[in-house]
Structure formats: C-alpha cells, structure tokens
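Chain by chain, the residues run as shown.
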Amino acid sequence: MKKFAVVAAMATALLGSTSVFAADLEVTHWWTSAGEAAAVAEFARVFEEETGNHWVDSALAGSGTGANPVIISRIIGGDPMGATQMNTGRDAEELIQAGLIRDLTPIADELGVKDFYVDASLLDPCTYDGKIYCFPVNIHSWDWLWLSTKAYEKIGQPVPKDWNEYVASWPALQEAGILPFGLATGWPFSGIPGVLMAGIGGSDLVLAINRDKDAEAVRGPEFRKVAEALDSLRQVVSPETMVPTFGDVGTQLLEGTAAGNIHGDWLQADLQVAGGVPGEDYECLPALGLGDQLSGGGDSFYFPVLPEGTDQAVIDAQTALAKTVISPEAQLAFNLKKGSMPIRTDIDLSGANACMKKALTFLDKGLLPSGDFALSSDTQQQLQDLNTEFLDDDSITVDDYIERYASIIESAD
Amino acid sequence: MADTAVATREGAADTGRPGFLKRTLLHNLPAKIAAIPMMAAVLVVFVGCTIWTVYYSFTNSRLLPTGKFVGFDQYERLFSTSRWNVSVTNLITYGVMSLVFTLGIGFLLAVLMDQKIRLESAFRTIMLYPFALSFIVTGLVWQWIMNPTLGLQGTMRNLGWTNFTFDWIANPRMVLFALLIAGLWQGVGFCMVLMLAGLRGVDEEIWKAARVDGIPTWRTYISIVLPMMRGVLVTAVVLIGSGIVRLYDLVVALTNGGPGISSEVPAKYVYNYMFSGGNIGQGLAAATMMLVTVLIIMIPWAYLEFGGKGRRA
Chain A
1 MKKFAVVAAM ATALLGSTSV FAADLEVTHW WTSAGEAAAV AEFARVFEEE
51 TGNHWVDSAL AGSGTGANPV IISRIIGGDP MGATQMNTGR DAEELIQAGL
101 IRDLTPIADE LGVKDFYVDA SLLDPCTYDG KIYCFPVNIH SWDWLWLSTK
151 AYEKIGQPVP KDWNEYVASW PALQEAGILP FGLATGWPFS GIPGVLMAGI
201 GGSDLVLAIN RDKDAEAVRG PEFRKVAEAL DSLRQVVSPE TMVPTFGDVG
251 TQLLEGTAAG NIHGDWLQAD LQVAGGVPGE DYECLPALGL GDQLSGGGDS
301 FYFPVLPEGT DQAVIDAQTA LAKTVISPEA QLAFNLKKGS MPIRTDIDLS
351 GANACMKKAL TFLDKGLLPS GDFALSSDTQ QQLQDLNTEF LDDDSITVDD
401 YIERYASIIE SAD
Chain P
1 MADTAVATRE GAADTGRPGF LKRTLLHNLP AKIAAIPMMA AVLVVFVGCT
51 IWTVYYSFTN SRLLPTGKFV GFDQYERLFS TSRWNVSVTN LITYGVMSLV
101 FTLGIGFLLA VLMDQKIRLE SAFRTIMLYP FALSFIVTGL VWQWIMNPTL
151 GLQGTMRNLG WTNFTFDWIA NPRMVLFALL IAGLWQGVGF CMVLMLAGLR
201 GVDEEIWKAA RVDGIPTWRT YISIVLPMMR GVLVTAVVLI GSGIVRLYDL
251 VVALTNGGPG ISSEVPAKYV YNYMFSGGNI GQGLAAATMM LVTVLIIMIP
301 WAYLEFGGKG RRA
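Protein sequences, first through last, are from chains A and P.
Counting along the first sequence from 1, when you hit position 255 you're at 255 in UniProt numbering, and nothing is skipped either side.
Counting along the second sequence from 1, when you hit position 3 you're at 3 in UniProt numbering, and nothing is skipped either side.
What the hints contain is simulated information worked out from the structure, not anything from laboratory work.
Being a predicted model, the structure only gives us computed values, none of them experimental.
Worth double-checking, as some hints may not be accurate.
[What the hints assert, rightly or not] Here are the simulated DSS-like pairs of lysine-lysine, each with C-alpha atoms no more than 30 Å apart in a straight line:
(1) Lys213/A <-> Lys131/A
(2) Lys358/A <-> Lys131/A
(3) Lys114/A <-> Lys337/A
(4) Lys131/A <-> Lys68/P
(5) Lys358/A <-> Lys337/A
(6) Lys213/A <-> Lys68/P
Whenever a hint applies, use it, and build me the whole structure from the sequences.
Have a look at this one:
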C-alpha cells in the first residue's frame with residue numbers, strides 16, 4: 001500500500017504541473033493496424049477540435065492479449081491513464097468492484113444514453129449495481145465470412161451464398177491449388193468457433209450456452225453440428241499455410257490465393273485500405289449467410305479514477321472525452337473508418353459501404369451475447385485453449401471435444 | 001588433511017573463547033551493516049513474495065488477490081488441464097536436451113578453442129555474439145528462418161530442391177527441436193566462454209605431468225581436466241538450468257505455443273492465466289508447481305554440493 005501511495009504522489013505531482021485550461025489526457029488503446037489507426041485518429045481530431053484539450057496517444061502493441069494486461073496492471077498499480085479502450089465485456093468487472101473505474105452515471109443521465117444506444121443490452125457489460133462505468137463506442141461482430149471473388153473466378157464457380165455452399169466448394173478449390181480457408185497464426189483463430197456456433201447452431205444455442213451456461217445444450221445435436229463444422233475446417237487448415245497476421249489473410253483474399261476466411265468486421269478496414277471494393281473484390285456474408293442475428297462485441301471506453309489531487313482540468317477533460325466518443329459526429333467519423341457499426345443509428349449512414357449496410361439490417365433484430373459479454377475471461381481462456389488444441393491435434397475426436405467443452409461450461413462462473 | 005586439521009582447530013578455539021556470540025555479531029560490523037539492505041530485499045522480495053504466491057494459490061482469486069480459501073481446487077484443475085500437462089512434458093524434454101547439448105557443445109567448442117588457434121578472440125566474439133541478443137530477437141530471427149514458406153525451406157525450393165523440407169516449426173512433433181536450435185544458438189557461446197575460462201584455470205604443470213606419463217590428450221581432458229573444472233561446471237549447470245525453467249520469451253517469439261498447444265511451457269501458462277485469463281489463483285498454483293519442481297531438483301543437489309561440511313575448501 002505504501003508503494004502505491006508513493007506512486008500516486010509522484011503521479012499527482014506530475015499531473016499537477018500540467019497546464020490550467022487545456023489538459024493533456026493520455027488515452028491507451030490497441031488500435032494499431034492501418035485501418036484502426038486511421039479510425040482512432042478521428043476520435044483524437046474531434047476531441048481536440050471540440051474541446052481544446054490535448055489527446056496524448058498511447059497505442060499499445062499486441063492487441064487484446066498483449067495490451068489488456070498492460071492496461072490492467074497500470075490501473076491496479078496506481079498509474080492510471082486518462083482513458084482507455086478495452087473490449088466490451090467482463091474484463092474490467094473486478095476493477096469496477098475495486099472502485100478503480102470512474103462512475104459515468106451522471107454523464108449518462110445527462111446525455112440520455114439509454115435512448116440512443118441501438119441495443120440497450122450493449123450497456124449491460126458496463127453496468128454494475130445499476131451504475132454505468134463505460135461507454136461502448138462501436139459494435140464489432142466476428143460473424144462474417146469473407147470470400148474472394150478472384151478465387152472463385154479461377155475455378156469458374158459462382159461465389160457461395162452461405163457456409164454450406166462454401167464448404168461444398170472446398171475440393172474444387174484445393175484441386176486448383178487455392179487455399180480454401182486462409183488463417184493467420186495466433187488469436188485470429190479464437191473467434192472462429194463462436195462464429196460457427198452462432199451461424200450453424202443458431203441464436204437459441206448461443207443463448208443456452210453463453211448466457212445460461214447449459215452443459216446439456218453442448219451435448220445436444222445442434223452443438224454437434226458446430227463441432228463437426230470445426231472438424232471439417234481443421235482438415236483444410238494446416239500450420240504450414242498460416243500467415244503471420246490477419247492483414248496478410250486480407251491480402252490473400254484480394255489476390256485470390258485463399259478463397260475464404262472467417263474474421264471480424266475490422267478485417268474490412270484493412271481490405272479497404274488495400275484498395276478492395278466490397279461486391280467486386282470480395283464478398284461478405286454476415287452470420288455465415290445462415291443466421292439472421294449477429295453476436296455483438298466491441299470496444300468500450302473506460303475512465304479510471306485519477307489519483308487524489310489531480311488537476312480539475314484533467315478530470316474535466318475526461319468528462320469531455322466521455323461525451324465526445326459517443327457524440328454523433330465522432331461516431332460517424334470513427335466507425336466509417338473502422339468498418340464497425342456505430343452504437344447509435346440516429347446519424348446519417350449513407351456513407352457506409354455495402355457490407356456495413358447489410359449489417360445494419362441485422363441490428364434491428366437485436367444482438368446475440370458474444371462470449372466476451374457473457375463468459376468470464378477465465379472461461380474464455382479455457383475454451384480458447386481447447387479450441388487451439390482441437391485445431392491442431394487430430395487425435396482429439398469430435399466426441400472428446402464436445403465432452404471437454406461441456407465440462408468447461410459446467411464449471412463456468 | 002591439512003585443511004581439515006586447521007578447520008577443527010579454529011572451530012575449537014572459536015567456541016571455547018568467551019563472548020562467542022558477541023564476537024560473531026560485531027566482527028566486521030561495517031560489512032554486516034552494508035549487507036542489511038540486500039538481506040532485507042531477499043527476505044521481502046524472495047521469501048515474502050514466495051509465501052504470498054503459495055498462499056494465494058490456495059484461494060479462488062480472480063483478477064485481484066481477494067479470493068476465499070478453497071484448498072487444493074486450483075491444483076486439481078491444474079492437473080486435469082491438458083495444456084498444463086503438455087507444458088510440463090515439453091519443459092522436461094526441452095530441459096534435458098538443452099542441458100545436455102549446451103554443456104556438450106559448449107565444452108567441445110571450448111576444447112577446440114583451447115588448441116592455441118589463431119584469431120582466438122575473433123572466434124570467441126563470434127560465438128558469444130548471439131548471447132548479446134535477447135530471446136525475443138532470437139525467436140523472431142529463427143521464426144523467419146524456419147518459416148516454411150518464407151524461410152530456408154522456401155528458399156531451397158525456389159532454388160530447385162523441390163523436395164527440401166524443413167518445417168519443424170509447423171510440425172507438432174518437431175517443434176521442440178526448433179525451439180532447441182534457437183535456444184542452443186543463443187546459449188552455447190556463453191557456456192563455451194565459461195568452460196574456456198575453466199580450462200585456462202588448469203595448471204600447465206598438470207598437462208606436462210600427463211604428457212610425461214603418456215596419457216592421450218582426450219583422456220586428460222575427460223579424466224583429469226574435467227573433474228578439476230567442477231566449480232565452473234556447477235556454475236554452468238545452475239545458469240543453464242535457471243534459463244530452462246523460466247523459458248518463456250523464446251516460445252512467445254518463436255512459436256507462441258503452437259502449432260496448437262504443442263510448444264506450450266509452464267511459464268506461459270502462468271502468464272496467460274494470471275493476465276489474459278484474469279485468474280490469479282490458477283496462475284499462482286501453476287507458479288507454485290514450478291517452484292516445487294525447482295526445489296525437488298535443487299534440494300538434493302544443494303545437499304550433496306554444500307552439505308558435507310569442510311569437505312571442500
């Protein structure tokens with residue numbers, strides 16, 4: 001505790017010496033790929049133009065798995081940043097319990113956020129004991145199947161309309177020497193099982209497993225179809241053909257060396273930066289072309305409680321930023337660059353591309369709770385370990401997989 | 001014999017004299033005062049944090065160490081997790097191979113270097129150079145070299161050897177050897193320098209005596225020089241051993257545990273569950289098991305090495 005006091009005192013001394021009116025506000029995030037960086041620059045621009053404060057950009061490398069621990073340990077260690085991005089979900093739950101995150105309820109009431117958020121459930125992960133502690137700034141969904149137009153031109157087949165047609169086209173693709181499914185090493189695989197579950201298993205299955213933690217649903221016939229889809233997927237994916245980053249998969253799709261990929265909508269930002277046009281160079285199928293609901297995750301902004309004695313101007317800057325990130329202007333500019341859906345639809349989205357327009361029609365049916373929302377990070381880590389092992393090790397049968405998945409869900413909290 | 005006699009006589013004199021305790025405390029007082037900060041750091045940081053770690057491994061703490069006592073639950077879960085079991089097996093396999101090869105190749109290189117060759121310091125620098133690189137850099141370099149499509153395999157195939165295969169990094173059964181190559185490349189040079197220092201410490205007279213007796217050179221190295229280098233060997237084993245147990249950054253940079261979970265190691269499990277998994281209890285249970293493993297190896301060894309009093313000068 002003593003160490004904490006010293007660090008806090010030092011931080012206070014540093015913060016106290018900053019200027020009076022326009023405050024510097026350090027913002028941490030892990031938006032580092034080309035498309036993401038362009039999007040976050042929009043937030044910074046609107047914030048600086050509208051409020052006159054200064055956005056100090058602290059981009060962290062390593063996406064969620066690398067940057068999240070850094071952010072959490074800085075907050076726990078008594079060296080909080082002015083604001084931070086995190087995935088919408090339960091990652092920050094204990095920080096909130098420990099009183100380390102600023103209560104945004106007054107700002108939320110002032111703006112009337114509940115009225116303009118497109119789905120009130122988006123605020124659920126931010127709500128704790130009836131108070132609001134974070135603002136989701138976008139809706140991201142993993143539930144997209146991306147297909148390469150060029151690859152299907154090469155084999156002379158029409159671009160598939162759903163997952164089943166896509167699977168049926170794999171043998172022809174392999175014969176032509178095209179990778180049926182492009183995949184990057186590491187975390188990009190982690191979202192795929194959830195997408196298969198939502199697309200093939202359907203909304204009820206997702207709710208039963210993620211929300212109700214029903215292990216019997218895992219042992220049921222619907223989930224077996226999901227596990228079998230994952231099984232067929234691992235037959236066409238091998239470590240030798242994996243590329244280093246998801247951006248490289250985007251390049252493969254545009255070149256036509258890989259035919260398809262399941263990845264979140266942020267892939268689209270990179271496809272656009274690389275000059276791809278939806279409908280011409282690539283096709284997008286939300287919910288694998290099978291379902292009618294998307295599971296929504298996304299990013300939220302959290303504002304840590306600053307150490308005692310912090311300059312009021314900095315706290316005011318926090319307030320200003322909280323209002324900025326969900327303002328119509330910032331929402332529009334940010335999400336058009338990011339390729340994600342805005343959290344409010346009372347803005348002019350005519351600038352959105354074909355894929356985002358498809359997604360907006362899905363929004364009316366509400367969002368499915370994604371794993372990020374409903375499961376603790378411990379459970380997510382266990383499921384990810386299981387999926388990673390299953391992908392690589394063919395000796396794990398579909399039955400083993402289902403049984404182990406069920407036992408993780410049984411012990412989930 | 002003389003050593004033992006001296007030691008006994010001094011021991012007898014010490015305990016015999018009055019004020020023995022006072023003398024022990026006050027003897028060389030400035031040195032003892034100077035050592036206090038270090039001792040405090042050892043007590044608080046090493047001993048204190050170890051106790052803290054072990055204690056919280058018996059709780060159900062999640063992101064913050066606030067959980068309730070749950071007995072051995074975390075350990076039960078740990079040992080029913082296949083990722084942990086694979087990690088432990090991997091570490092043992094990697095550890096044994098790494099220890100044997102680092103010592104073996106290191107000694108061999110040192111002997112070659114000891115043959116009064118030209119440009120010795122140049123060779124020594126080249127051999128030691130990889131040690132100046134961090135494991136992260138080492139891992140990234142070898143990741144590119146061993147990448148099947150971009151690295152050595154791809155290059156050779158482009159040059160015409162279409163059957164050339166070097167895909168260890170993508171092959172679950174061979175990936176540990178890929179780690180081993182990178183680890184050896186980085187660590188052998190340092191081991192060689194240690195061994196070389198040991199070899200240089202051996203008295204020239206012993207070599208002359210061996211030569212007079214007509215003992216072949218290789219036999220002199222193995223039966224005479226090597227036993228005389230005991231101190232250097234112990235140092236090398238301790239350094240290599242501690243490098244093996246904490247193996248983490250090389251794996252993260254080179255394979256990130258893949259393909260699948262086939263190159264996972266315990267330290268990575270600890271990190272993943274403590275930070276990205278937000279489960280401190282599980283992470284600390286794994287950390288405690290790493291500590292227990294180290295102790296199981298270290299205690300008998302330390303007993304043999306330092307236990308017999310006065311056996312060594």
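Inset, instruction - Return the numbers of the hints above that this structure violates; sort them in rising order. - result: 2
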